[in-house]
Structures are given as C-alpha cells and as structure tokens.
Amino acid sequence: MGPKIMDSTQSIVEMRSVRKTFGSTRALQGVDFTVKRGEVHALVGRNGAGKSTLVSTLSGLTPADAGTITIADTTIEANGKNYAASIRDVIAHVQQTPQLFNLLTVAENLFLESPSVRGRFGVVSSRAMLQRTNELLGKWNMEIRPNSLAGELGAGARQLLEIMKALKRGVPVMILDEPTAALSNAERRLLFEQVKTLKAAGVSFVYISHHLDEIFEVADTVTIMRDGRVVKTHEPVDALDVETIADLMMGEKTVRSVRVDYMDNAASVLLEAKGIRIDQFSDEDIDFHVRAGEIVALAGPVGGGKEALAMILAGQQKPARGTISSPGSSSPRIGLVPTDRHASGYVGILGVRENVAIGGLDILSGPLGLIKTAKEQVHVGGLTRQTNVIASSLEQAVSQLSGGNQQKVVFARALCRDPQVLVALSPTRGVDVGAKEQLYALLRDLASKGLGVVVVSDEEDEIEQLANRVVIVLGGQIRDELVGKYTMNDLVLRMEGVI
Amino acid sequence: MSNLSNSLKASKRSIEQSRLSTLGRAFVAGGYTMYPVLLILGIIGAIVAPRFATTVNFINILEQVSVLGLTTIGLTFVVLIGRLDLSLEGIVGFAPMLAAVTLVPAAAGGIGIELPAWTGLFVALGTAGLIGFFNGFMVVRVGLNPFISTLGLLVLLRGGVLIISNGRSIYSPGKALTYLGSEKLLGLPVSVLLFVLIAVVVGLLFKHHRYGRALYAIGGNEEAARAAGINVDRAIWSAFVIAALLAGLAGVFLTGRLDSAVTTQGQGIIFSAFAAAVIGGVSLGGGRGTIVGVVSGVLLIGIINNLLTLAQVPSFYVQASTGAVIVIAAVLTTLASNRSSGVRTRT
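Line order of the protein sequences matches chains R and C.
According to this note's numbering, the first sequence is numbered sequentially starting from 162.
According to this note's numbering, the second sequence is numbered sequentially starting from 4.
Keep in mind the hints are simulated off the structure, nothing from the lab.
Some hints here could point you the wrong way.
Pairwise CB distance ranges (calculated) [to be verified]:
| no. | chain 1 | residue 1 | chain 2 | residue 2 | range |
| --- | --- | --- | --- | --- | --- |
| 1 | R | Asp-422 | C | Tyr-35 | 53 to 59 Å |
| 2 | R | Thr-484 | C | Phe-140 | 27 to 33 Å |
| 3 | C | Val-158 | R | Gly-489 | 50 to 56 Å |
| 4 | C | Arg-28 | R | Ala-246 | 31 to 37 Å |
| 5 | R | Ala-245 | C | Ala-49 | 49 to 55 Å |
| 6 | R | Ser-553 | C | Phe-140 | 42 to 48 Å |
| 7 | R | Ser-277 | C | Tyr-35 | 53 to 59 Å |
| 8 | C | Asn-148 | R | His-372 | 37 to 43 Å |
| 9 | R | Lys-329 | C | Phe-150 | 34 to 40 Å |
| 10 | C | Tyr-35 | R | Asp-250 | 45 to 51 Å |
| 11 | R | Asn-295 | C | Tyr-35 | 58 to 64 Å |
Backbone N, C-alpha and C fix where the C-beta goes; we use that ideal spot for every residue, glycine too.
One chain only, chain R, in its complex shape (with noise of 0.2 Å):
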C-alpha cells in the first residue's frame, strides 16, 4: 500500500490497559493504543468519550490510575502518581487553547525556556532569538512580526504559533488535540503541510479531531474511542469512509440531517439593522434584517467582521454608527450563544439550573426581584429538555459536563428569556456528531416556531445544513447574499473570499 508502510513494523507509542477514573466517572476503562514510528494517526470519538483523557494520560498531563505506557524508550508502570517529567523529551502535547503567555512578543513565547539563544551566565540574545524567530515564520509562511504580543494575535495565529512551540521541541511524538477548531481554511492547509513534512522525517503524530474530512486528508489511520472504550484501532483511513467512522463513534447509525428550505418574504421583520459600520475604519453602511422564521448565516473569511455584526446584532458591541430596531416592539429580546463558550459561555462552578437562569432573571422573579423557585425549577426543566442536557441533576456544576452539555447548557440559558431573536456564534465549535445534529435540531425547531435565528459559522458544512440565506461579511461590509437553493461550491467560494 505504498512506501509509507515501510518501517511501519516499529512502534513509538504503546499504551497497554490504561485506566483512568474521575469520582465516579470511569473516563478509561483499560485502553490499548499503539502509534507506529512517522506515521499520522487519528483518534476520533464524540465528545466525553475519552479521546482528550486518553492523550493526557499519553503525555502525562492527567497521570493515569494504571497501565502501562511506553514512548520511544522510556517505559511508564502508571499508579496516579505524576510522570510527565520523565517523557517530556519524548512526547509534546498541543491542547485544545493555546498555553500562550499573551503579554509576551511571539519570539519569546517560542524561545521561552531555550537554551539555543542564551549565552554565557544565561543571558538571552534578544538578536538570536528575533532572527531564529524570523527563520522558523518564513519556513511557516506566516506574515506576523516576531515582535508582537502573543495577545494581539488572532485565533488562528495563536494556535499555529502554540503547535509551532511544540515541533519546535524536535520530539519524536506530537498530539495535537483539535488543531483546526480555531484556524481559517488557508492557515490549516499551512498546519497539514508541516504535519507532512514532519512526518516524512519520521515523526509520528496522534492527531484528535471533530472535522472527519480533516482526517481523510492527513491521517494513515484511525482509533476510534466511544465510552472509554477503544472500538476499532489502527485502521487504515484508506479502508474506511465518514459513515462508517460517525456510524462506530455513535454506536449506531447517523444520518446527515440536511436543511428545511424556508422563505417567506412576507414574514414580519424581527430585527433590523440599519447603516451599521462596525468601527470607525469602515467605510460602508451595512443593512440587515432577520425575518420571523428563517435561519441566516453569517459567513466569511476570519476576521472579516462577521462575529463583530453578530454581537453588534445581539447588542452586546456598539457600532460606531447606525441603529438596531425591532419593527414589531420596543426592546427585541434577543439571545446570545457566544462563540467561546469556555471564555464567556457558561460559569463552570455554578450549576446547570443556575447557568440557565441567569439568562432570565428578569422573567423569574417576582416584583421585588426575588427568584420563584418554582418557576425557576420548571422553566429550566423545560429548555433542558428542549436543548438535551444530559447531567447528573439540574445542580451539578457545568465544568463537570462534557463539551457537548455544555454548549446545550449555553443553548439554554440563550433561550431562557424567550427570545425573538437568537444569535449563535460557532455553535456547535467543539461539540461531537450527535450532539451536533440535536443542536441543527434545536435551531430548525426554532426558526419553525416563528424565532428568527442567526448563526456565524467557519463551517461549511454546517452553514449548509442550516441556513436558508447567508450573508457574506467581508472587510467590514456584506459582500454578497445567497438565497434559497445555493450550492456548496458556491458557498466555499464565498466564504474564501475569492468571488
């Protein structure tokens, strides 16, 4: 099956029964796991079923409870107790965030701990470091100045600049855990060459990731995690196809629900944006409306301005001019899926019923403010069930949920006053396959009932699978529409920028 099976006999990676219990979870439950020397190897599983426990414990960030762990040389009895310091020369672990230090420039940040540009009595040579710095950008293709703050880079850049740190490190193991969730279109394509070139010299990546057409595009093979449990390891990406894949991660069969075509022109006009500039450097009025009823997508290359339309929509961002109104009342209540949920989706000490609530304090409580714990109860109850949260009781905290929950538990708390309009920013970032579909669900239902939705996506497939009109932010303007029957290469051409 080609040369790149030819050393593929030697393995840098295994993992022999390796268990690993929170409280009362049993995250792993005995897990195999091998990773051949140069190769790429997927690891894929909806969310909570132990992909990002199982590296952890490979890199020694969680210690697990036991099992056996080898790397490259070094062989690991585990027992709970903390080893990652005996592998650190072997293994590098890329996490969901960038670790930056944001008040740091970006040469520092990468050169931070490296014995290559310090000289005599460790002082570092500020020079050594900017043009090693400079070097490794342009190997990279990245435009960004060696002397900027880590903090003052967008997204992407960050992420990139984070995995840059760790290749850097010349280990012969790389993890690198939802890679992409953060990247535009060309800096992935940036990422997957220097995965291939890496690989070519012979290091060898476990590489998790929610996007399986990523997966056919840099993966040898695949492990697939479901419940703790390792269902199919090391299988070759070529014998295998999305379905299959969704179909073991699920345990069942999935279906790719596909959008409701909707429009209605008479429908009334929920919420209007008129002569919107977003800041001061725009140049043109931006105008938009959301009817009663459809879903509209806002898309476009990153940074364009489509986030800051939506919060400006959502009302959390002041234009530097123009005016949002409601044509059918005075205060539009609108709500707001935000688009990091760590950073400003939900309170992870507080508990699912409280998250919720502070969606709506104003609807539950009573003329002196005070809560109705009844009410409470039962209204929370009811947008649970409606969104699928799935925890332990209304009190357990947020940080506890999976991924998934949490972003339903945000989905509730959006909807707890009752809003005419929701605004949901990368909806689904992070969340698995099947709770994906519940919340594309979730939104049709909606739209259905008469709520006007608009969502902000990276994601081609998903803006598809929803939106009957997207809206093309570009620059600071709306570049272009499509309506009704679009097609997916219409779309990507859009969104890219390059129509």
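Model the placement of chain C on the given structure of chain R, informed by the hints.
Structure of chain C alone, referenced to chain R:
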C-alpha cells in the same frame, strides 16, 4: 447466591456513600464547615472559663462582633464579584467622624457647622455611600484595579480623619449617632438585632434574589454574565456602594458603643474581615461564598477573642493567637472545599 447478596450489599454501600458525599458537598457549599468547630470551641470555652457559657457573655460576644460582622458582609458583596475593597476600614473610621464633627460645637472639637442633631446618621451613611460610589466609579468607569484604588482611598481616609478632627477624638457626639450602638430593645442591643436582621436579609438576597444570582455569575465568569444579558457594570458599581454603606453602619455602631468618634476607629478591621470571609468559605477569586459561612467566620474570630480574654491570656498573646487560629481555620475551610468541589472531567 452469596455473590449476589454481596454485590447487592456493595451497591447499597455505594449508594449510601454517594448520598453521604452529596450531603457533605451541600454542607460545605452551604457554608456550614465551621459550625462544628464553633461548637467544639464553645464546649472547650465552657470548661476552661466558667463565665463563657452565660447569656450575658453571649450577648457581649454578639455585640462585639456586630461591627466586624457588618464590615465582613459588606466586603463579601465585593469579593463575590472577584474584586476587593480595602477602603472599608477607612469608612468605618471616617464616616462617623465626619458626622460627629458636623454635629458638635467647635468647642467640643467640631468644625463649627453644628448641623441639627437628627442628621447624624444620615451624614455618616451618606458619606459612606458617596465613598462607595466613588470606588465603583474608579473600578467600572476609570478601570482601575480595585486593590490599588481602594488602598489609596484607605490611606486618604485615614489622613482625612485626622484632618477633620484635628487629631482629637470627639466625645458624646449625640443620640442620633450613638443610638444604634448603645441602646437596647427587648433586652437585646439594637446593634445585635440589626446585625442579625441584615445578615438574614443579605443571606436571602444572595440566595433568592436576582441581584445575588447576578453577583455569583459575575464572580464565576464575568464574560458569561455579560453574554447572558446581566448589566455587569451596574452590579459591580452597586456592590461597592452597598459594601461602603454597611461599613459606614459598622462605624456608627462602634461610635455608639464607645460613645465617641475615635481617631483610630476601625484600624485593622479589614484584615479581620478578610480573615472572617475566607474562614467562612468565601473565595477571594469570586463566585463562591455564603452569608451562613461569613457569619461563622465572624463568630469564630469573636469567640476566640472573647475566650482568650476570659482565660486571662496576656494581651500580648491575644493578637498572635488570633492570627494562628485564622491560619488554621483557613486551611480547614480550603481543604474542605477542595475535597467537596468534585471532579473535573475533560473531553
């Protein structure tokens, strides 16, 4: 057969265990961690000092802690939203002093305005409220770190007390200012009754009022609270105002109890207030804490002080022992809340 019954037994045990752990979690989350300690302390106290377990002494303790108690409840508003307010200590001294110097004639140390007697309480609380408003302005509008802005204000108020009083304490500033801290109602000091009333009201507010819910949400994740539609700026601002008002009232209690506005009034109280809050399970990072817990922290400090005095521990040792107890109690609370705060799962 025995296998089955064994496994049944095991599952029953695990259900009981989980029920126990749920109970334990609720116990800690509700802020009850310190109450067993208080009980033990009470028993020890009754043994070593016969005068400890008397009604008179208990009322005495409550009267002593009402000042610290109000300040700590005020501080809790600000700490719940992940901020802090050092200037509360300054308010305890400044607010009643300003009221006193505007009331009494110049001969008695006043500044010669001689406002009518009934204004005393209003001047004190009005001043406190204005200071809180200023603190909120600095944090919300100007965007200062509350540590430095309220530290500056604390020092400023300390100096302010000396300026307006000319460095002299003012005696008998008048009934309007001293009534709350000196009179009794139904055999109980008014200050104690008011402290209990405020603790109950604030406890209900935190638990059942939308404002309390907003405070917890902001302390837990400010951005999420904003995205949920909560007016975060207004909540922060008002928390500073309420904290200042409670500190002002605490200052009035103290002035009433001493029947004078003293220049050193309230000195060091902010440290005790922080200690009481942390002992009571309030997280300095925000988002966690209950009034039940805060009251336990305040009582612990009050009882320790009382016991050490009754046990005739030399006064030099009282302060050091209190400090040691604070550290031990804080360790206990932190361990308990870490134990019970549950698992963190990752996907």
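> In ascending order, which of the hints set out earlier in this document are inconsistent with the structure?
Replying inline: Result: no hint breaks.
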